[in-house]
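Chemist: The lines below spell out each chain.
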Amino acid sequence: MTPPVTQHRRLISLAARWIGAAYPSRSRLEHEETTVFLRDALEDAWTRRRWLGLAGMLRVTAADLWRCWTGRAALPLSPAFPFVYGTAHSRRTTLMDQLMSDLRYSVRLLTRTPAFTAVAVATLALGIGSATAVYAVTDAVLIRPFPYPDMNRIALLTEVAPNGQGMSVSWPNYQDWVAQNEVFDELGVYRGATVTMTGGDQAERLNGAIVSASVFATMGIPPARGRLFNTVDDSAATARVAIISERLWRSHFAARDSVVGERVMLNSQLFEIVGVMPPAMRFPSRLTDVWLPLGLSVPGFPPRGAHPGLTAVGRIKAGVDLEGARSAMTTIAARLAELYPNSNKGGGIAVNSYYEQVVQNIRPALYMLLATVGLLVLIACTNLASLMLARSDARQRELALRAALGAARVKLLRQLLVESSLLASLGGALGLGLAWIAVRTFVASNPSTVPRIDLVGIDWRVASFALVLSALTVILFAVVPALRASTPNLQDALRDGRGGAGRRSIRMRRVLVATQVAVAVILLVGAGLLAKSLGSLLSIDLGFNPDKVVTMRLTIPDAAYPTPEAWVAFHRSLVERLASIPGVQKAGINSALPLQGGGSESPVMKEGDPPPAPDRPMTMTLYQASGGEYFDAMGIELLKGRLFKQGDTGNAAPVAVVDDTLAQKLFGTVDIVGRRIAFEFDGHDAATFKPRWREVVGVVRHVKHYGLVGEPPYVQIYAPFEQIPLWMEARRPAMAIVVRTAGDPTTIVADLRRTVAAIDPRIPVYSVQAMDTYVGQTTEQPRLSAALVTMFAAVALMLSAVGLYGVLSYLVSLRTREIGVRLALGAKRSQIVRQVIGQGLGIAVAGLVAGVGAALAATQLLKAMLFNVSPTDVSTFATVIGVLAVVAVIASAVPARRASGVDPLSALKAD
Amino acid sequence: MPRRPNDPVDEFLPLTPAVFDILLTLADGEKHGYAIAREVEARSEGQVRFGPGTLYGTLTRLLGAGLIRESDGPGEEGPTVERRRYYKLTPLGREVAVAEARRLAGLVATARAKSLIKLKGDAQSR
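Protein chains in written order, with our numbering: chain A, 1 to 911; chain B, 1 to 126.
Keep in mind the hints are simulated off the structure, nothing from the lab.
Here a beta-carbon is modelled for each residue, glycine too, at the ideal position from N, C-alpha and C.
Any given hint could be a false lead.
As the list claims (entries may be wrong) - Straight-line alpha carbon distances no greater than 20 Å define the calculated SDA-like cross-link-like pairs of lysine to any residue that follow:
hint: 1; chain 1: A; residue 1: Lys-586; chain 2: A; residue 2: Leu-639
hint: 2; chain 1: B; residue 1: Lys-88; chain 2: A; residue 2: Glu-30
hint: 3; chain 1: A; residue 1: Lys-606; chain 2: A; residue 2: Ala-678
hint: 4; chain 1: A; residue 1: Lys-665; chain 2: A; residue 2: Glu-601
hint: 5; chain 1: B; residue 1: Lys-31; chain 2: A; residue 2: Lys-586
hint: 6; chain 1: A; residue 1: Lys-690; chain 2: A; residue 2: Ile-748
hint: 7; chain 1: B; residue 1: Lys-31; chain 2: A; residue 2: Glu-32
hint: 8; chain 1: A; residue 1: Lys-548; chain 2: A; residue 2: Gln-777
hint: 9; chain 1: A; residue 1: Lys-606; chain 2: A; residue 2: Pro-654
Claimed, not checked - Estimated spans, in silico, between C-beta atoms of each pair:
hint: 10; chain 1: B; residue 1: Ser-71; chain 2: A; residue 2: Leu-472; range: 52 to 62 Å
hint: 11; chain 1: A; residue 1: Met-96; chain 2: B; residue 2: Val-9; range: 51 to 61 Å
hint: 12; chain 1: B; residue 1: Ser-71; chain 2: A; residue 2: Arg-48; range: 56 to 66 Å
hint: 13; chain 1: B; residue 1: Ser-71; chain 2: A; residue 2: Val-107; range: 54 to 64 Å
hint: 14; chain 1: B; residue 1: Leu-104; chain 2: A; residue 2: Leu-472; range: 51 to 61 Å
hint: 15; chain 1: A; residue 1: Val-107; chain 2: B; residue 2: Ala-42; range: 44 to 54 Å
hint: 16; chain 1: B; residue 1: Ala-42; chain 2: A; residue 2: Ile-437; range: 40 to 50 Å
hint: 17; chain 1: B; residue 1: Leu-104; chain 2: A; residue 2: Leu-99; range: 33 to 43 Å
hint: 18; chain 1: A; residue 1: Ser-101; chain 2: B; residue 2: Leu-104; range: 32 to 42 Å
hint: 19; chain 1: A; residue 1: Arg-48; chain 2: B; residue 2: Leu-104; range: 48 to 58 Å
As the list claims (entries may be wrong) - If you want the ones that stay clear, here's a sample from chain B, every Cβ over 12 Å from chain A, calculated:
hint: 20; residue: Leu-15
hint: 21; residue: Pro-17
hint: 22; residue: Gly-46
hint: 23; residue: Arg-61
hint: 24; residue: Pro-91
hint: 25; residue: Val-98
hint: 26; residue: Leu-107
hint: 27; residue: Ala-109
hint: 28; residue: Arg-112
hint: 29; residue: Lys-114
hint: 30; residue: Ser-115
hint: 31; residue: Leu-116
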C-alpha cells in the first residue's frame, strides 16, 4: 500500500470513530457496527464523488444523529401500527429518556416564544462572553504556570540609593554579594543589550541580553541544543560565544542541526554559537533572541560608585523565604556600606519576587475587570430570573393543569431546569464565540503593557471556565423561579384564566430590579471615575508636541566607528541629509526620547556653588546629546535665549540648553542665559575636583521623560552632540532620529531608512515609531480599563432599564382593571401617570441607595488606578445618580402612558 | 425470537416504504448493515439513504418483530476484515415481504387499469 492511501484511510477511520462517538451510547457491539458502517460509507462517498460525496454523506449522518438523539432511530414497521412487536426491545423509560423528552418539550416551548428565547440567550451570551474574555486574559497573564520551576523562588535584586530611588547594580558590589551570599542557590547578573547581526542581506537588530552563567541556572531551563554558559564565559574577556533562541534558530539558521559551532557576526565581531534555548526561556524578555556572556563586558565595568545597568537575579534556597533573603541582603549591604562609605553609604538592596515584577502592573486592572464582569453576569442573571418569573407566571395555568393531571412536582421542576439549562448552554456557546472574537481583537490590537499577551487565547481551560460559568448562571437565574413555579397555587391559577401573579412574585421582581439598579450604580461609578482619571492623564502637559512626529533609533557599532571624531562625523552628515528629505519639515537627533525613560543622569551645580559633599543633596539632572533641529522637530518650546546652532562644535566654547525646572531650582528664575552650570566633573575627591563649565544659551520647556506620572524630580540639560558630554565619550549613546513632517509621518520612514543606509548600510534602524502612537501607548492601560468598564457599565445600564421597564409594564398590566375602575370613578389620567412613574422611581431609589453604599466601598479598591481623582468623587456620584434617575423615568414613562390610556369601559368589560 | 404464533401476516401491512426496501434487499440473501444501506441507496438512485443509527434502529425493530434474524455471514474473508453482523429474512419476514409486494402489485394493477400509469408491457397505441 502506498503511504498516501494509508494516510487517507487512517483519516477516514479516525473520522468514523469520532462521528460514531457522537451517537447515543448503546451496546459495545452496536457501537462497533456503527463505526464500521460510517467508515465504509465515508470511504465509498470519497471514492465516488470526493467532497461532494462527503458532504452528502455528512448531511445524511446529521439527520440520522438527530433521529437517534430524539429517540426516533427505529422506523415504524407499518404506518398504521407504529409500535414495537414483542417486549424484548421495548424501551423502558429511563432518566435519560425522560430528560430527552423534557429537552424536546423545552425546544418546542422555546421555539414557540422566539423573542423571549432571543433576549434570554443574548443576555446570557453577553454576560458569559465578557466574563470568559476577561478570564482568558487573566488566565494567560496571572494564572497559567510560568515555565520556570519553582518560580516563586526566583527573585530580582537591585540597589537602592539613599533617597530610596532604585538603581542598577554596581559590578564590584555584585561580586561581593556572590562572595557573601548565603541565601541564594544561584545568583546571576544580566543586562539588556541590542545586538546588531550582520552577514545576511542587511544589518539586523536583535533583542539581546548579556548574562552570567548563573542566570540560566536560576531560571532552570536547560538548552534545547548545545550548552549553557560556564564560569569561563563569565570571566574570560575573549570568550566570543553566543546562545540563540529557538525562534532565531528557525528564522535565520534554517533550524540546522549543525548550528552549534557555527559562527555569526554580532556587533561587528565573530561569535561562536554554543547553544539554542527553547521557547520556554523568556528571560530577560520574551523577545530575547541572543544571549552573550558576561565576560566580554567585565573589563569595561566602571568602579563601585557607578551603576552600569546590571540587574541581579537569584534563586532563593529552599527553606528561605523572600523576607529571609531580604534581611540577609540588608546585612550584606550594611557590611559593604561600612567598608566602602564613599560609594555605598546609606544604600540598600531591594529583593523582589520575579513573578510579582511581571504581573504587578497589570494585576489590579485585571482584578477590577474580573469584578466588573462578575457584576455584569449578576445583572444578566437577575434580568433572566425576572424574565423566567414572568414566564412562569404566564405559564402558571399550564403548569397547574399539568400538576392537576398528575405530573409530579419533581417532574415539573425537572422540566423547568432542563429548559433553563438549554438556555444557559445556548448562551454559553454563543458567549464563548463572542469571547473568542473579543480575545482575538484584543490580541490583534497588541497591547504593549500586557505581559504574556502572546499566550492569550481560547483553550480548554477557558472553555471549561465558560462551561462552569454557564452552569452557575442556571443556579443563579433558574432555581428560584423554578422552585416557585413548580408549586403553583392550583385553585387560584385554574380559576383565574390570566394566570395568577402572587404578591411574592411581584415583591421578588421588585427586589431583582432594585438589585440591578444597585449593580449598575457600582459599574457606572467605576466607569465614571476611570474616565475622569483618564481625562486628567490625557490633559497632562507633555512639554512637547507629538503630532506628525516620527522617531527611530540607530546603533553605531563601536568597532566600526572607534573614535569620537568618526562618531561625530557620521551624525553630522546624517543631520545634513535628513533635512533635505522631501516632506521633512524639521529633523534632528537626540540621545533620549520623551516618555521613554532611561538616559544618563548626573548631579548638576551652578557656578558659585560649593563642591558636592556626601551630606549635601545635589539636584540631579538628565542630560542628553542633541543635534540638528531637535527642539523644533519634537515641538519643545524655547522660553529664553537660543537653540543650538551650527557653530556649537567641539572647538567652540561648551554650551548647554536647559529646561525651566533647572532654571527655577538652581537660579529661581528662567532668565539665566549666559550663566554657567556643570554636570560633568573631573577628579574623584575634593582635592582634584574640577567641574566642566558650560554656558547656558537657551531655556526650554520641561519635557515628560520618565512617563506621564511618577517622574523623579530630575531637571534636564541638553548638550550639542558635537560637544559630547564627558561620560558619553566612553560609552557613546545610541541616537534617535526625530522628524516632523507636513503629512502622515509614517510615509517617509522608507526614505529615512534609505538615507541612513546611504551613509552606512551596516547600521540598523529600529524602534520606528510615530510619536503620537507612542504617547497613546503610555496611556494604554488606563484607556483600556476605562473603555472596557464603560462598555460593561453601558450594558448594565441598558439591562437594568429593560428590567425596570419590564417589571413596570407587568405591574400595569396586572392593574389594568383597577386603573379602569379608578378612571371610571373620576381619577385624572395625570394622577395615574404620576403614580406609575412614582412606583418605578421607588424601585430605582431603593437600588440607588444600596448601589451608592456599595460603590463607596467598591471604589476604594480602584484607588491605585485613579490619577487625580478621589474614589469618592462627588461629581461622578452625582452624575451617575442623575443618569440613572433619568433612565428610570424614561423606562417608567412608557408603561405609565399605557396605564393612562386604559379605556375604563373595556377594562371593566374584560371580566 | 419470541413471536406470538397466531400473528397473521396481514397485521404487518402496509409496510413503511423504507422497511419494505430493507426486506427487499435481504430477499436474495444475507447482507451486512452497510451493504443493505448501499443497495437501497443505489436502487432508489440516492433518494433513500440510511444513516447507521436509523438502519440499526430499524433492524433491531425488525429482529424484535421476528421478520429478520442474524446469520453467520459468509465466514472470514481475510485477515483484515472485521467481524460484521449479517442479517437474513426469517420465513415470516419473507411471507410479509411477499404479502406487501402482492398488495402493492394489486394497487399497481388498479392504477394501470385506470390508465393512471403505463408500464413497459402495456400497449403503445392509444
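Chemist: Next, verify each hint and record whether it holds.
Modeler: Hints versus structure:
no., hint, in the structure
1, A:Lys-586 to A:Leu-639, "19 Å, holds"
2, B:Lys-88 to A:Glu-30, "17 Å, holds"
3, A:Lys-606 to A:Ala-678, "6 Å, holds"
4, A:Lys-665 to A:Glu-601, "16 Å, holds"
5, B:Lys-31 to A:Lys-586, "88 Å, violated"
6, A:Lys-690 to A:Ile-748, "46 Å, violated"
7, B:Lys-31 to A:Glu-32, "17 Å, holds"
8, A:Lys-548 to A:Gln-777, "16 Å, holds"
9, A:Lys-606 to A:Pro-654, "15 Å, holds"
10, B:Ser-71 to A:Leu-472: 52 to 62 Å, "54 Å, holds"
11, A:Met-96 to B:Val-9: 51 to 61 Å, "36 Å, violated"
12, B:Ser-71 to A:Arg-48: 56 to 66 Å, "28 Å, violated"
13, B:Ser-71 to A:Val-107: 54 to 64 Å, "40 Å, violated"
14, B:Leu-104 to A:Leu-472: 51 to 61 Å, "58 Å, holds"
15, A:Val-107 to B:Ala-42: 44 to 54 Å, "35 Å, violated"
16, B:Ala-42 to A:Ile-437: 40 to 50 Å, "45 Å, holds"
17, B:Leu-104 to A:Leu-99: 33 to 43 Å, "41 Å, holds"
18, A:Ser-101 to B:Leu-104: 32 to 42 Å, "36 Å, holds"
19, A:Arg-48 to B:Leu-104: 48 to 58 Å, "30 Å, violated"
20, Leu-15, "6 Å, violated"
21, Pro-17, "9 Å, violated"
22, Gly-46, "8 Å, violated"
23, Arg-61, "4 Å, violated"
24, Pro-91, "16 Å, holds"
25, Val-98, "16 Å, holds"
26, Leu-107, "15 Å, holds"
27, Ala-109, "22 Å, holds"
28, Arg-112, "24 Å, holds"
29, Lys-114, "23 Å, holds"
30, Ser-115, "27 Å, holds"
31, Leu-116, "22 Å, holds"
Violated hints, in rising order: 5, 6, 11, 12, 13, 15, 19, 20, 21, 22 and 23; the structure is consistent with all others.
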